[in-house]
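Please build the complete structure, drawing on both the sequences and the hints.
Protein chains in written order, with this note's numbering: chain A, 29 to 329; chain B, 257 to 562; chain C, 6 to 333; chain D, 2 to 335.
Because the hints were derived from the structure by calculation, they are not lab data. C-beta atoms are modelled at their ideal positions from N, C-alpha and C, and glycine is treated no differently. Please note that the accuracy of each hint is not assured.
Simulated pairs of lysine-lysine, DSS-like, Cα-Cα distance not exceeding 30 angstroms [as the list claims (entries may be wrong)]: (1) B/K380 <-> C/K89; (2) A/K59 <-> C/K71; (3) C/K284 <-> C/K332; (4) A/K59 <-> B/K379.
Residues from chain D that keep clear of chain A, each with C-beta distances beyond 10 angstroms, as calculated [stated by the list, open to error]: (5) Y86; (6) N185; (7) D236; (8) D257; (9) P296; (10) T304; (11) V309.
Which stretches of chain B does chain A cover? Using the computed rule of at least three CB atoms under 8 angstroms from a CB of chain A, they are [unchecked claim]: (12) 271 to 278; (13) 398 to 409; (14) 503 to 509.
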Amino acid sequence: MNIAKNMLFKKEIIEPSDELVKETFWQDVFKSLRKDRMAMAGGTIIALFILVAIFAPYLAPYNPYEVSLDLQFQKPSMEYWLGTDMFGRDVLSRIIYGSRISLLIGIVPSLITMLIGIIFGIIAGYFGRKTDFIIMTVSDMVLSFPSLLLAMVVMYTLGASLLNIFIALSIVGWAGTARVVRAQTLSLKNKEFVESARAIGVKPSIIMIRHILPNCIPQLLVLFTLEIPGSILSEASLSFLGVGAQPPASSWGLMVSNGKEFLFNAPWVAISPGIAILVIVLAFNFLGDGLRDALDPYLKQ
Amino acid sequence: MGHYIIRRLVISIPVTFGIALITFILLNVIPGDPVALMMKDHISADVVARVRAQMQLDDPAYIRFFRFIWNALHGDFGVSYKLNRSVSSLLMDAFPNTLILAISGALVSWIIGIPAGVLSAVKKRSFLDNSIMGFSLLGVSIPVFWAGLLFQYIFAFWLGILPVSGFDGPEYLIMPAIVLGWSSAGTISRLTRSSLLEVMRNDYIRTARAKGNLELKVVINHALKNAMLPVVTVMALQVAGLLSGAVITETVFGIPGIGRIAVNAIQNRDMPLLQGAVMFTTVLVILGNLVADVLYSLLDPRIKYD
Amino acid sequence: MNDASTILEINNLKTYFYTDKGVVPAVDDISIKVKKGQIIGIVGESGCGKSMTSLSIMQLIAPPGKIAGGEILFQNKNLVGISKAEMRSLRGNELSMIFQEPMTSLNPVYPVGKQVAETLLLHNKHMKKAEAKQKVIEMFKMVGIPEPEERYRVFPHQLSGGLRQRVMIAMALICRSKLLIADEPTTALDVTIEAQILKLMKNLQEEIDTSIIMITHNLGIVAEMCDYVYVMYAGKIMEQADVYELFDHPKHPYTEGLLKSIPRSNVQQNKEKGLYSIKGMVPNMLNLPKGCRFHPRCIYAEDACREVEPDLVDVGEGHLVRCIKYKN
Amino acid sequence: MHKIQELGGDDVNRVLMKVRNVKTYFPVEKGMFRKKSAMVHAVDDISFDIYEGETLAIVGESGCGKSTLGRTLLRLLDATEGEAYFEDQNIFELTSKELRQLRKQMQIIFQDPFASLNPRMKVTDIIGEPLVTHESMNKKEKDERVAELMEVVGLRKTYGNRYPHMFSGGQRQRIGIARALALNPKFVVCDEPVSALDVSIQSQIINLLQKLQEQKQLTYLFISHDLNVVRYFSDRIGVMFVGKIMELGPTNEVYDHPLHPYTKFLVAAAPVPDPHERSKEKLILEGEIPSPINPPSGCRFHTRCPYVQDRCKSQEPELKQIEGRMVACHYPLV
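And the structure:
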């Protein structure tokens with residue numbers, strides 16, 4: 029049998045075999061995420077909280093800011109499901125309104141943090157040398173501060189307000205993101221596909237945006253979902269210490285702080301907003317853990 | 257390895273300097289007039305002028321900064337505006353309390369966190385694993401101040417077995433240490449578990465099994481030492497976390513430590529005291545990181561014999 | 006059948022992986038026989054199941070993989086279903102293995118000498134540490150590690166790839182095992198170092214009188230080292246024969262294609278016609294083609310090949326072929 | 002204009018690239034603090050010519066600097082010293098704008114088909130990136146050109162909107178080849194293009210590279226450690242050892258009559274897929290490959306060379322022309 033045909037000029041089309049993965053990145057991630065019950069529970073709770081925050085005025089049974097001293101420290105009852113506080117304000121209504129601050133605090137500083145961290149991290153990792161040294165030394169310094177203390181100092185200087193909480197948490201938070209992005213950039217920079225883009229003559233700015241950033245997405249997603257509960261907890265702590273949200277705002281941390289004086293007489297005032305914090309933070313952590321598992325193959329590529 | 261430690265020490269000098277600079281800028285430069293910040297608006301103009309002169313605030317910022325550094329190097333952080341005592345003596349009084357609290361918190365987190373993480377990894381996907389991981393996640397998610405109040409309510413008020421607050425003996429330490437250590441214990445056990453599982457996938461673990469090792473020996477002799485490397489790194493980062501937590505724990509449990517000094521300084525707008533407390537704590541963090549780095553280099557021969 | 010000279014006999018071994026996407030028959034009903042002092046070659050491309058065969062013998066298959074059937078008779082003892090303790094006493098002692106990646110197969114945090122001594126101490130409960138050390142140093146000399154006393158104390162990252170593989174070999178043979186499984190032992194090494202390691206393995210095999218199963222994708226190594234060869238494709242043995250017979254008269258179209266498609270360094274080849282190449286690619290193990298697994302890539306494929314899976318047929322003198330062209 | 006001395010070889014063919022005294026050193030980065038304590042002499046004073054349309058193979062073992070050499074010639078790494086002329090333009094002196102223009106002429110194909118394609122980009126965009134970067138093409142023109150390229154390398158053109166992970170190793174290598182050829186380069190560095198592939202796929206890719214070379218008159222610098230593939234594929238071969246070229250000449254002559262002892266032992270070390278060759282006594286080189294951080298004095302090969310003389314230990318041999326080849330040895334095996 030003559031099989032030694034000319035192997036060189038025979039026309040061939042290679043079929044992809046059907047073993048090969050057909051899902052795109054997002055399809056694959058959502059598919060594994062859907063199988064994770066805890067992550068789905070976390071996601072559902074987050075969705076519920078977002079709805080509560082949006083429709084707070086329709087859901088809250090009472091005006092959260094209305095003071096009526098003759099209604100002080102009502103025990104939880106059919107009328108006041110979670111009781112009232114020292115000013116006779118309905119705790120449940122205040123928690124419902126508090127979800128607005130918490131979610132806003134959770135998401136906005138995390139976004140700012142991510143943005144700053146991404147920019148500095150990519151630049152440090154890609155250009156290396158002096159740029160890297162300077163950015164990383166500053167981030168080392170920021171990371172050497174106990175984060176709460178640094179945020180407290182910023183709040184002391186800027187004064188307590190919602191905007192300043194955003195600023196304080198962003199100043200504290202960017203360094204961690206920058207580290208992760210830098211490490212990822214360093215490993216991607218030496219990947220052959222980045223070298224190949226350089227060989228083609230693609231400009232550094234486009235390499236960073238087109239080739240490096242999209243490949244940091246798995247890390248960034250995980251980081252982002254874990255950054256949010258961190259921000260929520262930090263705001264709650266700052267407000268608890270009196271340098272965060274100011275009265276009469278219905279921040280959960282502030283509510284716990286206000287209630288702590290009356291812990292033994294009216295425990296519901298301090299305990300119930302704490303449960304709200306715990307639940308939302310747990311929900312984000314569940315989702316974050318689930319995402320981490322779902323993204324596991326991409327995180328290690 | 258000696259080189260490594262020396263290099264590490266040398267590097268922490270500019271870091272400390274930079275931290276002093278950041279602290280100084282945040283507290284002295286950005287808003288313009290620290291005295292106005294301290295006094296708010298209920299003090300007369302000549303008092304402000306006197307304080308300004310006393311604090312030599314009319315000098316340019318860089319001179320004040322170098323004076324601050326020079327004095328800080330001599331252990332002088334100035335005088336507390338509110339308490340009228342030297343900041344360093346106030347800090348030195350408070351320091352042992354914070355140190356005891358932080359160490360007990362760290363011990364709680366290591367003694368519980370590491371074995372729990374190992375158990376979780378070995379009994380992967382069992383009921384035990386799920387319980388440990390649930391408890392860890394709870395620790396990571398729970399607001400420290402709220403946990404403190406909850407503990408006070410349950411153990412001090414309801415069961416009456418522990419003192420509510422104060423710092424007069426070992427029994428006063430139990431609740432704060434657990435509250436403080438719980439969240440780090442959660443982080444450590446989660447990390448120990450994932451690190452150990454990761455290490456167990458390595459080729460040298462297969463080699464250890466192929467030698468005929470007992471599975472338990474494979475984990476303890478071959479995997480654990482490697483798995484502890486990232487844990488040690490995180491333990492260093494937790495020094496900062498523990499000191500952050502100490503601020504809250506000290507406030508909740510009324511412990512006269514550096515964290516509470518900082519909180520009070522903010523409430524009293526006592527700038528020199530706040531500045532001192534921040535610098536002091538941050539230097540502690542840098543020292544903690546140094547210790548962890550040395551520990552790391554002892555564990556990892558790739559650094560040790562470089 | 007079980008004469009004394011047979012050290013290992015695998016009958017109808019099946020190792021399956023039960024994944025989310027379905028069952029992967031990584032090793033699908035294979036039978037292998039190793040005689041005392043023999044070097045057996047298992048060749049095949051990535052994913053053909055050759056490494057899984059070796060891990061099955063060592064009973065080191067991790068979930069979701071499982072031995073789904075068959076028997077592995079090592080010195081007439083079936084290793085499938087043997088107690089864990091009994092298996093441990095064999096591993097590293099009478100049955101040992103070296104791996105492809107000498108860089109990652111040694112524990113980075115312990116000195117290499119200690120890691121080799123561990124094997125010795127595990128299987129000789131009464132041995133003193135000093136005696137073990139002495140034996141390890143002797144073994145280091147035997148595998149050609151220069152300055153063995155000093156090398157006892159160094160860490161893996163301080164050694165080159167070739168030396169690490171020598172350490173792995175020392176570890177595998179320190180208990181004078183009866184059977185050494187070498188899974189791509191030189192793939193990660195440079196050519197001149199590869200030649201050293203292959204020569205060392207051959208010398209040790211004669212000196213210690215061990216049998217070797219050499220798992221490789223490199224037909225050159227097979228030609229140089231092995232006495233008898235099994236060719237695997239997609240979990241099955243396609244052809245098995247004495248090494249000379251296999252290279253001189255390959256019967257299976259896959260073997261034939263493989264041999265034709267490798268360029269050779271020892272002869273000048275005609276470049277004009279191009280290199281022979283097997284069309285297509287390795288099939289999906291989750292969705293194997295019906296009939297003969299090789300038929301989509303086979304230039305001789307007929308209708309019958311697409312329907313029935315051929316049996317392994319003896320064509321004489323220990324040469325077996327799984328192809329429809331050959332009948333008993 | 003520099004006066005460039007011609008180096009030995011076939012005078013009929015036009016020289017496409019002249020490499021003169023190129024050195025590429027890296028500082029050793031140790032530990033976390035990057036103490037620059039030593040230099041890796043990855044490429045250490047190398048000179049040769051590449052002729053138009055030929056395949057020049059560079060072979061050598063790990064750490065010999067062959068990949069660094071390829072990347073230096075494309076200026077993906079910066080040379081420490083030396084000159085490299087591509088059609089009389091010194092590549093090392095180009096501004097980044099000029100360099101970007103030159104990139105159209107010279108391309109690279111990588112070893113690892115899994116790391117060389119951006120996992121977040123569709124195949125059309127991967128192959129089309131060079132077109133978008135250098136040519137003002139509209140989307141339709143780009144898509145047409147990409148489809149054409151895919152067909153040339155043997156990929157179904159309807160797969161353009163798939164992602165790299167949906168392809169096998171061999172197919173990915175084809176995508177990488179299509180990308181490298183998109184701008185019709187003259188010169189292509191093939192850095193171990195088939196080393197990561199299975200035997201049966203390897204021959205498919207070698208044939209593809211050969212076909213493309215004939216169709217498009219490409220010049221290849223073929224970097225490989227696989228002596229079998231190199232013998233089949235290359236016209237001339239340069240043998241590298243720890244940053245230096247030891248021997249350079251026509252492939253078949255070098256294989257059949259090596260003049261440098263290292264070449265002789267290297268060629269002999271490759272396992273031959275023929276059991277009848279077994280009976281021959283195999284030449285085996287003892288010892289380890291020296292470190293490029295601290296290369297041996299004199300001839301770098303002297304620590305392993307079985308024919309070593311005193312002179313080899315102290316005096317470094319120059320690359321000299323012997324029997325139509327370049328050899329760096331005091332005592333060549335004539």
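Are there hints from earlier that the structure breaks, and if so, what are their numbers? none
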